[in-house]
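2 protein chains.
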Amino acid sequence: MTEKPLHLYNTLNRTKEKFTPLNPPFVGLYVCGPTVYGDGHLGHGRSAVTFDLLYRYLLHLGYKVRYVRNITDVGHLENDADEGEDKIAKKARLEQLEPMEVAQYFTQRYQENMRQLNNLSPGIEPRATGHIIEQIAMIEKIIKNGLAYESNGSVYFDVLKYNEQKPYGILSGRVIDELMTNTRELDGKEEKRNSLDFALWKKASPEHIMRWPSPWSEGFPGWHIECSAMSSKYLGETFDIHGGGMDLMFPHHECEIAQSNASNQKDPVKLWMHNNMITVNGKKMGKSLGNFITLNEFFCGDHALLTQAFSPMAIRFFILQAHYRSTLDFSNDALKAADKAYKRIINGLRNLRMLQVPEPGQIDADLEKRINEACDLAYEGMSDDLNSAVSLAALFDLLKAINSLRSGQIPSGALSEKTFARMKETYETFVLDIFGLIEEKGRTGHVLENLMETILDSYTDAKSRKDYAMVDRLRAKVKQEGILIKDSKTGVHWDYEE
Amino acid sequence: MTEKPLHLYNTLNRTKEKFTPLNPPFVGLYVCGPTVYGDGHLGHGRSAVTFDLLYRYLLHLGYKVRYVRNITDVGHLENDADEGEDKIAKKARLEQLEPMEVAQYFTQRYQENMRQLNNLSPGIEPRATGHIIEQIAMIEKIIKNGLAYESNGSVYFDVLKYNEQKPYGILSGRVIDELMTNTRELDGKEEKRNSLDFALWKKASPEHIMRWPSPWSEGFPGWHIECSAMSSKYLGETFDIHGGGMDLMFPHHECEIAQSNASNQKDPVKLWMHNNMITVNGKKMGKSLGNFITLNEFFCGDHALLTQAFSPMAIRFFILQAHYRSTLDFSNDALKAADKAYKRIINGLRNLRMLQVPEPGQIDADLEKRINEACDLAYEGMSDDLNSAVSLAALFDLLKAINSLRSGQIPSGALSEKTFARMKETYETFVLDIFGLIEEKGRTGHVLENLMETILDSYTDAKSRKDYAMVDRLRAKVKQEGILIKDSKTGVHWDYEE
Chain A
1 MTEKPLHLYN
11 TLNRTKEKFT
21 PLNPPFVGLY
31 VCGPTVYGDG
41 HLGHGRSAVT
51 FDLLYRYLLH
61 LGYKVRYVRN
71 ITDVGHLEND
81 ADEGEDKIAK
91 KARLEQLEPM
101 EVAQYFTQRY
111 QENMRQLNNL
121 SPGIEPRATG
131 HIIEQIAMIE
141 KIIKNGLAYE
151 SNGSVYFDVL
161 KYNEQKPYGI
171 LSGRVIDELM
181 TNTRELDGKE
191 EKRNSLDFAL
201 WKKASPEHIM
211 RWPSPWSEGF
221 PGWHIECSAM
231 SSKYLGETFD
241 IHGGGMDLMF
251 PHHECEIAQS
261 NASNQKDPVK
271 LWMHNNMITV
281 NGKKMGKSLG
291 NFITLNEFFC
301 GDHALLTQAF
311 SPMAIRFFIL
321 QAHYRSTLDF
331 SNDALKAADK
341 AYKRIINGLR
351 NLRMLQVPEP
361 GQIDADLEKR
371 INEACDLAYE
381 GMSDDLNSAV
391 SLAALFDLLK
401 AINSLRSGQI
411 PSGALSEKTF
421 ARMKETYETF
431 VLDIFGLIEE
441 KGRTGHVLEN
451 LMETILDSYT
461 DAKSRKDYAM
471 VDRLRAKVKQ
481 EGILIKDSKT
491 GVHWDYEE
Chain B
1 MTEKPLHLYN
11 TLNRTKEKFT
21 PLNPPFVGLY
31 VCGPTVYGDG
41 HLGHGRSAVT
51 FDLLYRYLLH
61 LGYKVRYVRN
71 ITDVGHLEND
81 ADEGEDKIAK
91 KARLEQLEPM
101 EVAQYFTQRY
111 QENMRQLNNL
121 SPGIEPRATG
131 HIIEQIAMIE
141 KIIKNGLAYE
151 SNGSVYFDVL
161 KYNEQKPYGI
171 LSGRVIDELM
181 TNTRELDGKE
191 EKRNSLDFAL
201 WKKASPEHIM
211 RWPSPWSEGF
221 PGWHIECSAM
231 SSKYLGETFD
241 IHGGGMDLMF
251 PHHECEIAQS
261 NASNQKDPVK
271 LWMHNNMITV
281 NGKKMGKSLG
291 NFITLNEFFC
301 GDHALLTQAF
311 SPMAIRFFIL
321 QAHYRSTLDF
331 SNDALKAADK
341 AYKRIINGLR
351 NLRMLQVPEP
361 GQIDADLEKR
371 INEACDLAYE
381 GMSDDLNSAV
391 SLAALFDLLK
401 AINSLRSGQI
411 PSGALSEKTF
421 ARMKETYETF
431 VLDIFGLIEE
441 KGRTGHVLEN
451 LMETILDSYT
461 DAKSRKDYAM
471 VDRLRAKVKQ
481 EGILIKDSKT
491 GVHWDYEE
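Chain order of the listed sequences is A and B.
Residue 142 in the working numbering sits at position 142 of the first sequence, and the numbers go up by one each step.
Residue 63 in the working numbering sits at position 63 of the second sequence, and the numbers go up by one each step.
Keep in mind the hints are simulated off the structure, nothing from the lab.
Copies of the same chain look alike in the list, so a pair counts if it fits in one copy or across any two.
Below, in silico cross-link-like pairs of lysine to any residue (SDA-like), each with a Cα-Cα straight-line distance of 20 Å or less: (1) 340 - 494; (2) 233 - 218; (3) 441 - 116; (4) 270 - 245; (5) 270 - 7; (6) 466 - 487; (7) 141 - 213; (8) 233 - 208.
None of these values were measured; they are calculated from a predicted model.
Only chain A is shown next, with the shape it has when bound in the complex (with noise of 0.2 Å):
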């Protein structure tokens, strides 16, 4: 196999980068995972199919990747003024419910949508919540180094001494100078220094359920501090990968690199990776314009934009289709295609596997050709940059070779067995381990009831015209599945076997 090395774009230099981790055979890969104050919707599925495509391929590679993504539970302040409630305590105040039940109830359904997209389990996923002593004392390495202060009680960083240092703004390239013109004025009362300095632990107003003791005051920690505290616990001061949706990386990520300099004067990632955003209709989707769907939403169909319920396999290869720095834009047409699609793939995948190894025959050379290049192509793709796009355009070459195989268009033996299996190996590899498609089997209770249902039919026919060796076929066929068919006074109708 022809494998060209992976190559990444790295966001800190704006170029495509061969990926070389620094302990091979490991890679830490760190990813930014959800905020659970409520369900997550498209964006954050194009983040975590795009990383664990990612981690799917970097395993593939045959690397031994400690992947991390962390759950948000508490500290996520409503405006990025670190002003406003925590969102998780305001929610669990309004419903009267302790705030570690909000956080354990999007959890679960977070990670149900996880699973149903597809999605490997990270291997580690840390709750901010339970990291508070990780992140007190990152705090407090930061004010031993001059580049954080205390203000009644909260603490914040430093953002103007430390750019005397390091430039802030390395990451999505903003110099401190345009940053400071573009915010306002600090009108005296505030706790901040700067308007650009970012909180690093917040003390909490009496009314706030969420606190924890520090050397500063009863309160939480600021949102950015949990990242750098739980990423370089489990993976290292440096470590190879950080990924996230593009919106993080101002301030977010930005606050990352800022924190573990000011800590540990070591730049936390060699490699920033940013999946682009989802649009609808060209426009950013976003809770406060109205156009927000969540992924529960689309796979019961429920939400005035969609006219169809979206299974999580049409999702995720929605998602695949694109390049992860491309914009994706959704639209119920362009769903409805990805799920025509998938549904392509997969009966590909089916036909694939039935077909028999070929006899030895007239081979076709042209046709050997094709097979071996969208095998090429496949593999490239991935190793430029993920682009998945052309790794399914040459799955679906294939897909046309297997199908005419399958309808006998083309003759079993115009393949030679060496390129068959090569065929069948990339085509496997690539739908279930790479791109992680599955077979969706429908709502599992609605088919057995209505397959049976037919059955039925077919069994009451063959009664009646005194077919008793179908009758027989029949029986013994649904058995084998625990199904008794039983003919009673009210009709026939079947059992699970006792």
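Assemble the complex: chain A is given as a structure, and chain B must be docked to it using the hints.
For chain B alone, kept in the frame of chain A given last:
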């Protein structure tokens, strides 16, 4: 409905007492969950199903239940003397994994087992590692109250001193003098003052991976303190019900009572409930005895002691058919019987749904009486300390009537509309809501392939007989499930509709 008030057996005073919540309609329920360094076994299954039954019944009665079940991801030492390695860290070093990766892996498998058993998820599943701060705070209070002491960086609970204020052993019915006689002499080199003392905080040895800073040392909490710290955090200093397996009564729950009294001067729990153990041929089940069967091994039949696989619902039924305070002896025959009985119950549910509301007819007064008594008995069983065995027997009484109605042996009009409605409601409520039994529809993929093969057989047959009405019916019916029957050169097959 004549629901008798719920009575529950309180281990504290060895009597069944009327259940009265501290703050109705709210009920606080804490149950000891798994230590996540290995797969859950049948004993874990029994405890989880028992308290799921309690949770479901409390919800059925209209209570608002906050159900907390912890996950022990640190600090459970290998022997009761608080020596030996932390179990999770040991496994991690053996496998060259981060301890949290091991914890996450087994937490997910445990949660998957719980879903398979159709246990409702607790509202909060707090992790021990996520509550180090709360544990340290509680230890500090106990030290301040003079009931714990530091020794070489570790902290121990002073059992003898505590016993001067309040008897140690009230839950398990032990007295301190007996306990003293049965423990070994300290050899003078140990950190403890008395061998009954238990660790609240352990200083980490250099090779110990999981560690946190504390006022005493870099170390980790003792096992018992996590439940005290987490239950009081989420349920308050005194709450309604604490559950767990009988093996946890001493020392674990005894220590919880002591810790709460020593820090808050309050008994933590009003009602202690303990489920009895699973035995194997009359012997205790345990790793060291080699008769240890995990839930996953049951589900796939992969254990030398198993003659076949047993589905999650067969296991659930097996657990429910005995009262939770009786021992439950495992055998293949007992499980087979449970599986059969479970299927009878589910067939009854399916049959019940196919029954029509009775037309006015000749009422059978005896039948009416029998059914009403069975409905009463179902509730009486549950009110009498969750005696699910009694309630199940009542359901089987109802089942007899349901099956006779379904087969036409009893004419539909023999039941009044009112009694029919009561029977239906009671049966459905018990099977689905209270017992949490659901229809298992087999491994989807397998069933689908097999039933479609059966249908293609009928289809081919109908075609050969030129019965085009049947051909069209079969095509139309499976198309409702998104399945297309296809004729091609290579024969008949089916595809997903694209």
